[in-house]
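Construct the complete structure from the given sequences, taking the supplied hints into account.
There are 2 protein chains.
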Amino acid sequence: MKENRMHNFNAGPAALPLPVLEEIRDEFLNYKGSGMSITEVSHRSKWFDEVINDAKSRVKRLLKLGDHYHVLFLQGGASMQFCMAPMNLISEGQSADYVNTGTWSTKAIKEAQIQGKKVNVVASSEDKNFSYIPRDISFTMGAAYVHLTSNNTIKGTQWASFPDTGGVPIVCDMSSDIMSRPFDPALFGLIYAGAQKNIGPAGVTLVIIREDMLNRVPENLPAMLKYSTFVSKNSMFNTPPCFAVYTCQLVLKWLEETIGGLENMEKINREKGAILYDVIDNNDFYRGTAEKDSRSMMNVTFRLPSEELEKEFVAEALENGLGGLKGHRSVGGCRASIYNATGIDTVSVLVEFMKEFARKK
Amino acid sequence: MKENRMHNFNAGPAALPLPVLEEIRDEFLNYKGSGMSITEVSHRSKWFDEVINDAKSRVKRLLKLGDHYHVLFLQGGASMQFCMAPMNLISEGQSADYVNTGTWSTKAIKEAQIQGKKVNVVASSEDKNFSYIPRDISFTMGAAYVHLTSNNTIKGTQWASFPDTGGVPIVCDMSSDIMSRPFDPALFGLIYAGAQKNIGPAGVTLVIIREDMLNRVPENLPAMLKYSTFVSKNSMFNTPPCFAVYTCQLVLKWLEETIGGLENMEKINREKGAILYDVIDNNDFYRGTAEKDSRSMMNVTFRLPSEELEKEFVAEALENGLGGLKGHRSVGGCRASIYNATGIDTVSVLVEFMKEFARKK
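One line per chain: the protein sequences are A and B, in this order.
The opening residue of the first sequence carries number 1 in our numbering; numbering runs sequentially from there.
The opening residue of the second sequence carries number 362 in our numbering; numbering runs sequentially from there.
Keep in mind the hints are simulated off the structure, nothing from the lab.
Some hints could be false.
Claimed, not checked - Reference listing, derived: stretches of chain A covered by chain B, where coverage requires no fewer than 3 residues with Cβ under 8 Å from a Cβ of chain B:
| hint | stretch |
| --- | --- |
| 1 | 14-21 |
| 2 | 36-47 |
| 3 | 68-82 |
| 4 | 202-213 |
| 5 | 236-245 |
| 6 | 318-332 |
Unchecked claim - Heads up, simulated DMTMM-like pairs for lysine to aspartate or glutamate below, C-alpha to C-alpha not over 20 Å straight-line:
| hint | chain 1 | residue 1 | chain 2 | residue 2 |
| --- | --- | --- | --- | --- |
| 7 | B | Lys393 | A | Asp49 |
| 8 | B | Lys479 | A | Glu266 |
| 9 | A | Lys253 | A | Glu266 |
| 10 | B | Lys471 | A | Glu219 |
| 11 | A | Lys32 | B | Glu680 |
| 12 | B | Lys672 | B | Glu632 |
| 13 | A | Lys107 | B | Glu580 |
| 14 | B | Lys407 | A | Asp49 |
| 15 | B | Lys421 | B | Asp545 |
| 16 | A | Lys32 | B | Glu383 |
| 17 | B | Lys721 | B | Glu680 |
| 18 | A | Lys64 | A | Glu256 |
| 19 | B | Lys407 | A | Glu316 |
| 20 | A | Lys117 | B | Glu580 |
| 21 | B | Lys393 | A | Glu319 |
| 22 | B | Lys425 | B | Glu572 |
| 23 | B | Lys425 | B | Glu680 |
| 24 | B | Lys468 | A | Glu219 |
| 25 | B | Lys478 | A | Glu219 |
| 26 | A | Lys311 | A | Asp345 |
| 27 | B | Lys594 | B | Asp573 |
| 28 | B | Lys393 | A | Asp26 |
| 29 | A | Lys110 | B | Glu580 |
| 30 | A | Lys118 | B | Glu580 |
| 31 | A | Lys32 | B | Asp387 |
| 32 | A | Lys46 | B | Glu677 |
| 33 | A | Lys311 | A | Glu256 |
| 34 | A | Lys361 | A | Glu316 |
| 35 | A | Lys233 | A | Glu22 |
| 36 | A | Lys46 | B | Glu680 |
For glycine and all other residues, C-beta sits at the position ideal for the given N, C-alpha and C.
Here it is in structure tokens:
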């Protein structure tokens with residue numbers, strides 16, 4: 001462990017790149033000669049303008065977004081988007097398709113329904129405890145959108161590729177795998193992601209909205225619940241969460257300049273996933289919980305022969321500097337979250353520990 | 362300037378206490394032996410539990426709140442509260458009283474009205490460009506609440522004391538003077554404050570709600586828009602803005618342990634205000650814009666003989682390490698924001714600069 005840092009497998013808030021943390025620390029009392037901390041500069045200053053505009057530009061370059069996509073920084077996490085997406089994008093008399101792939105999809109559905117919006121749950125993997133991603137889905141022609149959760153942190157599943165929705169725009173919760181791989185933005189009308197897994201600290205939500213979706217936003221919504229408010233004010237209708245946006249900017253810079261973009265990031269993530277799933281598949285002691293073709297490259301969920309052994313595993317790992325390996329409280333078991341900032345070296349340490357733990361038992 | 366730090370008169374985000382910034386920097390790579398940055402620990406961990414619970418306890422002690430008050434940490438700033446307060450607290454058929462004392466009150470009124478809520482603007486100081494706090498107001502018997510903005514950052518006015526509303530609970534936007542002075546909490550049903558002026562960085566909103574107000578919250582609201590959601594989950598229904606809450610905790614600790622509580626803080630703030638208003642009142646070169654008995658102890662607004670001189674004043678001040686003295690873009694002129702973290706020493710430097718600038722012209 002460098003500087004007594006833990007090998008961090010937290011599901012979110014999660015590990016951040018060490019060079020990013022060091023840069024924040026080093027300039028924390030005096031941001032770029034301003035004589036102020038980044039937490040003290042005005043959001044209307046040239047310093048913060050540069051931060052937010054650079055962060056936006058990097059998102060656009062990394063995801064190869066055309067100018068008909070707006071990049072926004074909001075607050076309230078994905079949970080607030082569960083509310084805002086249907087409120088803004090399902091017009092009177094319309095319905096939306098939702099695919100239910102786990103806890104977060106279920107919550108998204110609930111938040112649309114509580115507003116009286118009509119939701120079609122066109123597919124669900126609840127029949128097998130959300131251990132797979134549904135296939136061969138019939139989407140509703142003329143639906144307002146199709147809602148997907150691209151990666152399911154709790155059950156450890158991920159859409160390997162996105163489905164053909166027949167032109168209906170996808171609204172996608174990408175909180176736990178945004179920036180982990182390239183994808184075709186043309187499919188998406190709205191993308192949202194709480195930052196605290198792959199792109200920053202808790203407290204800011206990246207929202208990407210396609211220009212034509214803005215036509216649906218009702219006039220009579222409160223300002224803070226309308227996407228158009230944030231588009232027209234460059235995410236600064238009111239004071240944005242400056243520190244969180246700044247940290248995202250540095251993570252995005254690291255992604256572009258140190259990692260070299262999303263193609264490289266995906267290669268690294270696939271390698272991390274491969275060596276971890278390899279131990280699970282080649283050792284009877286461990287058992288993966290997700291179906292193989294639905295496995296997540298971000299959250300690797302697995303069980304040991306007994307709950308007692310799982311407890312022991314988590315505790316002994318922690319003693320060895322490997323933290324955050326307990327499964328979500330709603331499902332138990334073990335989970336290694338290996339987001340972008342978790343390096344191959346850290347995953348290799350876990351793999352060795354797993355082999356050794358299994359050997360001893 | 363210590364360590365090349367600026368004398369910071371920003372209106373928000375604003376100065377933070379230097380010892381707080383130093384503590385954040387020093388433990389930024391390894392929070393209390395966790396081996397993680399505070400931005401990397403789980404919000405479900407013992408580390409963050411201690412942070413949020415300690416912050417809550419300090420708010421309760423500093424403001425002398427009984428157990429029938431809930432202390433919450435939300436996102437979206439005061440602007441989101443302009444929307445949530447009427448949504449949660451004005452029941453079917455009810456109306457609410459609003460006092461209009463400036464830009465932020467005006468926005469609060471608009472956000473209630475857009476929801477179709479009935480608003481009585483029972484007093485306004487718009488007739489004199491919001492330069493005073495209205496007196497002798499007739500409140501509406503049976504109103505859902507009376508909404509006040511305790512301090513008006515743009516116009517530089519502040520309620521010297523809160524009005525007798527005949528038992529109708531006050532809902533108060535205290536964004537720019539919370540924790541600057543003691544007050545009687547019994548008058549208030551709801552208090553909210555964006556943190557970025559007196560208690561922390563941008564990205565978290567302190568909300569204090571009285572138990573009986575929760576009975577009004579409609580069942581059929583989206584989870585993230587209901588106060589009861591945050592009460593029942595200790596502000597962790599979803600991932601809170603951890604870094605911002607942590608910074609608030611440290612500022613609150615500084616307020617309690619270094620300053621010695623709100624009585625002391627008020628004394629210091631009154632002294633800062635007194636020496637600054639003294640220059641303005643005793644020098645024909647400067648002219649205060651707020652009526653004397655409505656003056657803010659947080660935002661001191663003043664004009665110079667001409668706009669050219671104001672520009673020169675702001676520029677020359679900056680050259681001398683005094684920043685943030687430009688008035689709000691909507692009103693012009695000059696403004697010195699002297700929140701809790703701005704020390705008497707810093708205000709004294711400004712006072713000397715003002716005297717010298719006037720002498721030279």
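Results for each hint:
no.	hint	verdict
1	14-21	holds (count 5)
2	36-47	holds (count 8)
3	68-82	holds (count 7)
4	202-213	holds (count 3)
5	236-245	holds (count 8)
6	318-332	holds (count 4)
7	Lys393/B <-> Asp49/A	33 Å, violated
8	Lys479/B <-> Glu266/A	53 Å, violated
9	Lys253/A <-> Glu266/A	16 Å, holds
10	Lys471/B <-> Glu219/A	13 Å, holds
11	Lys32/A <-> Glu680/B	16 Å, holds
12	Lys672/B <-> Glu632/B	27 Å, violated
13	Lys107/A <-> Glu580/B	16 Å, holds
14	Lys407/B <-> Asp49/A	36 Å, violated
15	Lys421/B <-> Asp545/B	13 Å, holds
16	Lys32/A <-> Glu383/B	17 Å, holds
17	Lys721/B <-> Glu680/B	16 Å, holds
18	Lys64/A <-> Glu256/A	12 Å, holds
19	Lys407/B <-> Glu316/A	18 Å, holds
20	Lys117/A <-> Glu580/B	16 Å, holds
21	Lys393/B <-> Glu319/A	16 Å, holds
22	Lys425/B <-> Glu572/B	15 Å, holds
23	Lys425/B <-> Glu680/B	42 Å, violated
24	Lys468/B <-> Glu219/A	16 Å, holds
25	Lys478/B <-> Glu219/A	16 Å, holds
26	Lys311/A <-> Asp345/A	24 Å, violated
27	Lys594/B <-> Asp573/B	18 Å, holds
28	Lys393/B <-> Asp26/A	19 Å, holds
29	Lys110/A <-> Glu580/B	13 Å, holds
30	Lys118/A <-> Glu580/B	19 Å, holds
31	Lys32/A <-> Asp387/B	19 Å, holds
32	Lys46/A <-> Glu677/B	18 Å, holds
33	Lys311/A <-> Glu256/A	39 Å, violated
34	Lys361/A <-> Glu316/A	13 Å, holds
35	Lys233/A <-> Glu22/A	31 Å, violated
36	Lys46/A <-> Glu680/B	16 Å, holds
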